[in-house]
Amino acid sequence: MTVAAHPEQQVAGGAPATSGRRVLRVLLRDRGAVLSGAYLALIVLMAICAPLITAITGHGPNDFDTAAVDTDLGGVPYGTLGGISAEHPLGVEPQNGRDILARIAYGARVSLIIAASATALTTLLGVVLGMLAGFYQGWVDQVICRVMDFLMAFPALIFMIAILSALPQGNRPVLLVVVISVFGWPYLARVVRGQTLTLVNREFVEAARACGASTGALVFKEILPNLRSSLIVMTTLAVPGYVGTEAGLSFLGVGVTPPTPSWGQMISSSVGWYAVDPMYFVIPGGFLFLTVLSLTVLGDRIRAAYDAGEAA
Amino acid sequence: MMARYVAWPAGVVVILFLVCLFTFVLFFTLQPDPAVMICGKTCTPERIDQIRGVLGLDRPFFTQFFGFLAGIFAGRDYGEGANLVHCPAPCLGYSFQTNQSVMEMVVERLPVSATVAIGAAVLWLLVGIAAGLLSAVKEGTWIDRTAMGLALGGSSIPNYVLALALQYVLVVQLQVLPFPQAVAFSDDPLTWFQSYLMPWIVLATGYACLYARLTRANVIDTLAENFMRTARSKGLPPLLTMRRHALRPALTPIATIFGMDFAGLLGGALITETVFGLNGVGKMAADSIAKNDQPVIMAVTLLAAFFVVVGNVVVDLVYTRLDPRVRITSP
Amino acid sequence: AQGPGGTGATGTSATPATGGIVHVLANADFSHLDPARGFDGGVNNFYRLIYRGLTTFGAGPGEEGTKIVPDLATDTGTPSDDAKTWTFTLKDDIFFEDGTPITSEAVKFGFSRAFDPEAGIGSPYGRLLLDAPKDYKGPYLSGDLDTIETPDDKTVVIHLKKPYADFPSALALPNFTPFPKGTGAGGAFDSKPIASGPYKVASYQRNVSLKLERNPHWKPETDTVRSARPDGFEWTFGLDPATIDERMLAGQGTDADAIGPSIQAATVARVQAPQIKARTLSGLNGCTTYMGLNTTKKYLKDVRVRQAINHAIDKDTIVAALGGSTLAEKGTSIQPPTVAGRVDYDPYPYDVEKAKQLLAEAGLSGGFSLTLDTRAQPKMAAVSVAVQESLKKIGIDVKINNIDASTFYEVIGTPAKQNDMAVTGWCPDWASGATFLPPLFDGRNITAKGNSNIAQINDKAINARIDEIAEMTDVNEANAAYGELDKQIMELAPVVPLAYEKLILVNGANIAGAYQHNSYSGGVDLVSVGLADPTK
Amino acid sequence: MSELLEVEDLTVTFPTTRGPVDVVKNVSFTVGRDETVGIVGESGSGKSMTSLAVMGLLPKGAITSGSIRLDGTELLGRPERELRRLRGDQMSMIFQDPLSSLNPYYTVGLQIEEMYRAHRDRSRKAARKVAIEALAQVGLPDPERRVNHYPHQFSGGQRQRIMIAMALVCRPKLLIADEPTTALDVTVQAQILRLLADLRSQSGTGMVFITHDLAVISSIATRVLVMRRGEQVEYGTAEQIFAEPRHAYTRMLLESIPRIDDEVAP
Amino acid sequence: MTLLRAKDLTKRFVTRGPLGSKAEFTAVDRVSFDVRLGETLAVVGESGSGKSTTARMIAKLMDPTSGTLEFDGEDVTHAKGEALTRFRGNVQVVFQDPFSSLNPRHTVERIINAPLIYQGRTPKGGRRAYAKELMERVGLNPDHSLRYPAQFSGGQAQRIGIARALAVNPKLVICDEAVSALDVSVQAQIIELLRRLQRESGFSYVFIAHDLAVVRQIAQRVAVMSKGRIVELGTTEQVFGDPQDEYTRTLLAAIPRINPEWDRRRRENS
Ligand SMILES: Nc1ncnc2c1ncn2[C@@H]1O[C@H](COP(=O)(O)OP(=O)(O)OP(=O)(O)O)[C@@H](O)[C@H]1O
Ligand SMILES: Nc1ncnc2c1ncn2[C@@H]1O[C@H](COP(=O)(O)OP(=O)(O)OP(=O)(O)O)[C@@H](O)[C@H]1O
Ligand SMILES: [Mg+2]
Ligand SMILES: [Mg+2]
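Chains as they are written, first to last, in the working numbering: chain S, 1 to 312; chain G, 1001 to 1331; chain V, 2001 to 2536; chain P, 3001 to 3266; chain A, 4001 to 4270.
Treat the hints with care, since some could be wrong.
[Claimed, not checked] Simulated crosslink set (SDA-like; lysine to any residue; CA at most 20 Å straight-line):
(1) Lys2393(V) <-> Thr54(S)
(2) Lys1138(G) <-> Leu3083(P)
(3) Lys2487(V) <-> Glu2468(V)
These aren't lab readings, by the way, just hints derived from the structure by calculation. Note that this is a predicted model, so its numbers are computed, not measured.
Full structure from sequences and hints, please.
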């Protein structure tokens, strides 16, 4: 009895690249992914080079320029589009005439660091604890769920204020990240737990168990990849959420201290001006929107690239 | 598995107790003296002590805490002599700033918050899930891209901005809606509806965006399952195929966050209620924080905690309805 | 003093017709309807609609509003020689809303409520001035206040703790409101007040709305102050400030019959249109926004440092932060322009060089750092940043300590918690230095909690001068003396007067008789306002 | 009159990173009314893809060319809306992997009923009756109770029978059965084959029957298509394929059949 | 030598009706058997008779309601931790539903390597090469190692499952209808592979199948199940040559055969 060594048709081509490199190659060919990546890189670069930017334009993030606004009209910027001019490429803040470009650049530092680290931390906690709860059920689930209930039960903002105002001034951004994460992870963890509950009973998990997978491996290597879609959505949307939380807390006096600029604060302070100086909102809002958009597009494309396997 | 259901009521009570205790500790130890707040501009230390005495703030921590707990079950009295006020059984405390029983304040405001929450929830569920489903089905087309672009935009706009912008456009510029007013449904259904419409939209936007994206992501995953092929092979009406077969598996995460989001909103939609001047629990929370009205803060916290915990219980029960496999005995 | 209010009152000065409902749009509900409890410009203005006292402020724009006139009493009282005992006679035909006459007994009862530990949390003058037994705890706990004599139904004899020439002014404050004996225990007035003024509460839903209707037992003949033209008032509470601005600008429906609070800075540019400008009022709110310099702190102990700070602050940027020239004026002296006897002067003009020189003299030219307590609220934060920017120029590094609005006053009012500097404000209880300078600069008033002398200045000369002025029996003389004391205090530079804030009020098109009242933080005088055409 | 199903030059292509791959190449065959055509062949040779192409249910990204005519009307390029009306009603398919092909979230009863209700009778009661009947027909014990069970509560063979029951409720003109009996023991298999034969004789259903069990093919198919690597190796009457196979692969296949009677494990 | 001994294994399922009514169903009823080292025990029987459930129990993927399980002389009924890890290294399973048992988010390479990864083993030459070799042995194109399960046919998916089970050199492989989706020639190849492994490495198999011809080829002993019980257990010759139980006889009688006339003609032709 003879059997052909390769019953399937032979396909030309060399050895397949490792999946990481393959994915990168796929992404590089994707316009959306490249644009998103470029934008994110630009923002990061801008944050790093903020001092350079202010050196070039000659306006620091807190330099008042009362000459650029009309104090008799409540401080509306002179000129069109919120005072956009060669001097102030993105216009000025109403009332005190601070340069928006400089504030955006410096604000990127605070906002992105806080939002990104809080997102990373909540995701980490949420995924790990949520999966363990969903997987073990029984008392582990009980304990984790009760802790989650406990944390979620507090109206988060009230408690963040209470706790943050009691904490020493110390390193505000770090404290903010910690507090936001402590109150933030249960939201994600619950979603993860719910999905884990339904995935645990899938046959492929049983198969992995038969392969000798330890609990940890089952949870993180078999189930986790199947949660990807929800995770991408939740984490990318967490970023604007946390930028907003930071702004809210800062406004309530427990966030980063003024005059440190942050995107969230800029957006919050722009709201009253929506009718008179809409650009004041549009610029930081636009930067934030594009950041989230880029993160989402990138997340989606990476997922698609992994999913596609060889058939992309 | 059965143990989970049995443990619920006990668990809920324990959580609520801990929330109480923690809130109490936090506000007892960390927060400024509410007596100072009440005392006002020209205030003397003696006067502060006097007020503290009236509020019972001079008593030891546990006396105060258990007094509060006892009030919930047995009611309690405040003040003395002619000033005595009685706060009947489910007593969540008494606000000396508004001179009202907190329970009364909550009961007064809960319907508003519930109206806001329910209306918004209906809206965001319908819009969010429908948009997510549509995007998933039309994945990669302009419909998908537009819907998801909007969803991202929507989730990047703070509630506050959206509320004011909406008001500016719909009320001031286009004049299709009046400025929101506090009217009861029974008095004037049309104005009632018009007044709540904007709060609903504002509140629903953020959630709808999240739900749409989540629905889309999960439905896309489900569409790749073999059983979707079976469903299509049956030649069912497309809406039925989508609703029944593709949506159900995507609903687990939706149900989870919906339980939490909705319960959270019953505890008050702080910003939206404030912007539109709705006298709900959220506005009450905001006011009480600004005025450091501790009994009210305590009550709002407890109320929110109660809804969230109950919401989570419901979600857990829903899981087993959503996915029959969850019912199998776990490993 | 210059006449601050009513600069733009042109379009709305027409006399109101009788009838109609005036609507009021408000952000926050009143603190308390019980006049013993509530005490701020907004609520005091409202109290005048439903309550009457022995005296009250005049009804009119400018200085008229700071004059003291009789109300329930036939005159502004007869003092004894040392101004320690005051006798008042009540008018005839004065009634509470239920028809019971207002008697001397009611006056006594109403006054004694200020001593109740629960109720008497409003204006402090009752407790500060009225003579009472040491452990007296108000009528509900301790019974009648025997130190007030009521020889007959129409006569009240009041004994004070110490001589007080300006007592008629203090009586214009809300916690001297008569009430029928035995009423108002346990916060009852907060939901159901007993009216003595032209209106009574028809319905009140906390944080939602308050409706006033005519009090049939109020006799216009007995009241020379309140014209009370409209048939009622209706407040809508809990509106977002931006929404209020939007509504007032649009003026649709009943909003044409509405008045509101001052607009926000962002709206200023939008009220320039002539048709809106015509119904806009603008004027000072009668308060001073200042920065206290904690004189007990290391660097600020040195008067030269404090003076340097005074010179260094660019008040133009402060004004910009407060919303520009339409919403604020530069502050120079401690007392705001609305206070009687105030002297207009500028001891510390903006001068960076001078400031640097002063610092050099103090041996601090190398720069140092100070912490500034600020209320976490956009406007205050903006002011703080402006201060920070200004002081940067003379080498002072300002650290902003943002404090949650609910705890701000506790922090700065507790010397143990207070930092180097704090941005805050002060409004006089009536237009006299008596309610401005002593509370802020009398070193003997420094308390461990609830302190208002945030500079913590305790200067013998100042203390002594305060006592001297308090003893003056001529009110005008006293006011003039306070004006000079202002200068004396500023020489020590314990505070930096930053600005006098202004209000811009946009009224509904149908509003008539609106002017800003100088004793009520520049708000529209409610007892005179009405509708131009109630049938509209 | 045309045949029930005419497949001509069917090619199915998948784009991959290494260029397009034809998984089905120029396959042609016809199925007459009340005729059974067997498809046999190597695993991975494109049998399932061919049948999915007929149903219009190929995975996303697959490109089809050629022609598929049902009752003389072209199916390829038809809008989804029209195909949907045909599916379940005119043609239905039994899928190869029953567990993943059944929706784990619904009872099997509902999954059978919804098909019937979509095309035949909207009433719930009638559908339920039909579902129970169908389950009984495929030999599932205790069908009244088991309609309310979920797929994971069944054995592999039972799930396969559920798939069969589902495909049959509407008595379609064309039935495509993709390895419908692999998980069944021979007695149940015999029962199912009888059921299919009845269906063919009663309703004139034409059938495409894919299996690896050549004995089954020989007993029910009138024509046989042999596939290998996406290509059509041989196509002819059953008798011709089994008695006079022309292609070496067919012959090899027939030689490899394990025989119950001649070989015993050592 | 006995490798695995099952004694009185019983599994009862509780099912809930639509109205919450409960019903109990005994899927496996006091089943006892043993598997010797290097032996193939076939399990045949009615669909729904409890074969897969028994397989799950002996693979320790499902706890029996009652009964005991011994492996290598050790009672593993309640094995945990170390003992369970050892057991997992020795017993592998090929599942009946090919797609469901493959993680849709893993590449084939990752799936096949799963036992190696989870048991911390690295074969000579690395896992990638090893996976490719295994794919080749079960007749899959090794170039497809980075594809996902959905991109394979039913038979190919089944072979992925087989390759995975063989990756760690287990002592016992439980094959639940492991070759049912394969065409006869590939099937023969797989069977040959299994037999070779048995010869060379002493694998034992529990082989669940419906194709009695295949069973006859591969099994030394056969257990026949019906309605949750083993109705007959004996050597292949015994069971096929001289069936004792009524059900076994029906089963044997129902085996479909190619028209003998066609068969004869073909043989003559070739
Ligand atoms: N999404 C896909 N992308 C690329 N190739 C695919 C895809 N799906 C299936 N294939 C390939 O198409 C070929 C045909 O698959 P098909 O399922 O039709 O085989 P089959 O004949 O049914 O085999 P079996 O008998 O094993 O079920 C297989 O080689 C398979 O690998
Ligand atoms: N989770 C479950 N709940 C209820 N009943 C179940 C469950 N799993 C299996 N059963 C029932 O147990 C019996 C035995 O199932 P099992 O899967 O062991 O059968 P099998 O012998 O493998 O059949 P097949 O050859 O069809 O795969 C079947 O009647 C099945 O319906
Ligand atoms: Mg197939
Ligand atoms: Mg089975």
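For each hint, the structure was consulted:
no.	hint	result
1	Lys2393(V) <-> Thr54(S)	holds, 19 Å
2	Lys1138(G) <-> Leu3083(P)	holds, 18 Å
3	Lys2487(V) <-> Glu2468(V)	holds, 16 Å
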